[in-house]
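Residue numbers (our numbering), protein chains in the order written: chain A, 1 to 109; chain B, 1001 to 1115.
Simulated from the structure, these hints should not be mistaken for laboratory data.
Please note that a few of the clues may not be correct.
Unchecked claim - As a list, the in silico EDC-like pairs of lysine to aspartate or glutamate whose alpha-carbon atoms are at most 16 Å apart:
id : chain 1 : residue 1 : chain 2 : residue 2
1  : A       : K101      : A       : D39
2  : B       : K1044     : A       : D82
3  : A       : K42       : B       : E1052
4  : A       : K2        : B       : E1041
Claimed, not checked - Output of the computed footprint for chain A on chain B, the stretches with three or more beta carbons under 8 Å from beta carbons of chain A:
id : stretch
5  : 1028-1039
6  : 1073-1083
7  : 1096-1104
8  : 1107-1114
As the list claims (entries may be wrong) - Partial chain A-side listing against chain B, Cβ under 7 Å, derived:
id : residue
9  : P44
10 : L46
11 : M48
12 : K101
We put the beta carbon where it would ideally sit given N, CA and C, even for glycine.
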Amino acid sequence: RKEVEQDPGPFNVPEGATVAFNCTYSNSASQSFFWYRQDCRKEPKLLMSVYSSGNEDGRFTAQLNRASQYISLLIRDSKLSDSATYLCVVNGAGTALIFGKGTTLSVSS
Amino acid sequence: NAGVMQNPRHLVRRRGQEARLRCSPMKGHSHVYWYRQLPEEGLKFMVYLQKENIIDESGMPKERFSAEFPKEGPSILRIQQVVRGDSAAYFCASSLQDGRNSPLHFGNGTRLTVT
Chain A
1 RKEVEQDPGP FNVPEGATVA FNCTYSNSAS QSFFWYRQDC RKEPKLLMSV
51 YSSGNEDGRF TAQLNRASQY ISLLIRDSKL SDSATYLCVV NGAGTALIFG
101 KGTTLSVSS
Chain B
1001 NAGVMQNPRH LVRRRGQEAR LRCSPMKGHS HVYWYRQLPE EGLKFMVYLQ
1051 KENIIDESGM PKERFSAEFP KEGPSILRIQ QVVRGDSAAY FCASSLQDGR
1101 NSPLHFGNGT RLTVT
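Generate the whole structure from the sequences, applying the supplied hints.
Written out as structure tokens, the structure reads:
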């Protein structure tokens, strides 16, 4: 099992749609979880951290399920500008932060 | 407040040459991470350094690759005797604390092409 796995997509949705991505991780001892965003293979940028109780930032909601070892990202009211690759990030066995390959989202008008 | 600065942006090397990639972290950041991204692949962790120390190099190839982060100056990722398979985008990121507790801020990357 890969350390961090994501469905590569692409997810093609119209503006205003709600879309959700999942990410699974293999290390049950992982404690740190994040979602980053990468546009056109430019530098990744932090979207949000993921907390045990779940957290929301505007149209974005992140959830953590430790029992099943997955995290999720929900985007409501999708905008054209949300089109990007979303990267799931989990800390590995040591201090390394492990990135998933990403899920590509394309929002169309 | 300048972000993470990487240079050069593009680097072309012939097989067998050396490549030196530089990364200046954000002001006040003492934690630096290096990642490699191959075409159509995700970001692969290479090494994590904190001023003058290598904290985690579990992702570094055993041969030809080395990294340093001296007390003064930028972090350097050095690739000796480059091969075509080294062609990739190399991203550096810095953080205020250990990246598990503090966001990573990425540079624009160095695109290495080995001919």
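Find the hints from earlier in the document that the structure breaks and name them by number, from lowest to highest. Checked against the structure, the hints that fail are numbers 2, 3, 6, 11, while the rest are satisfied.
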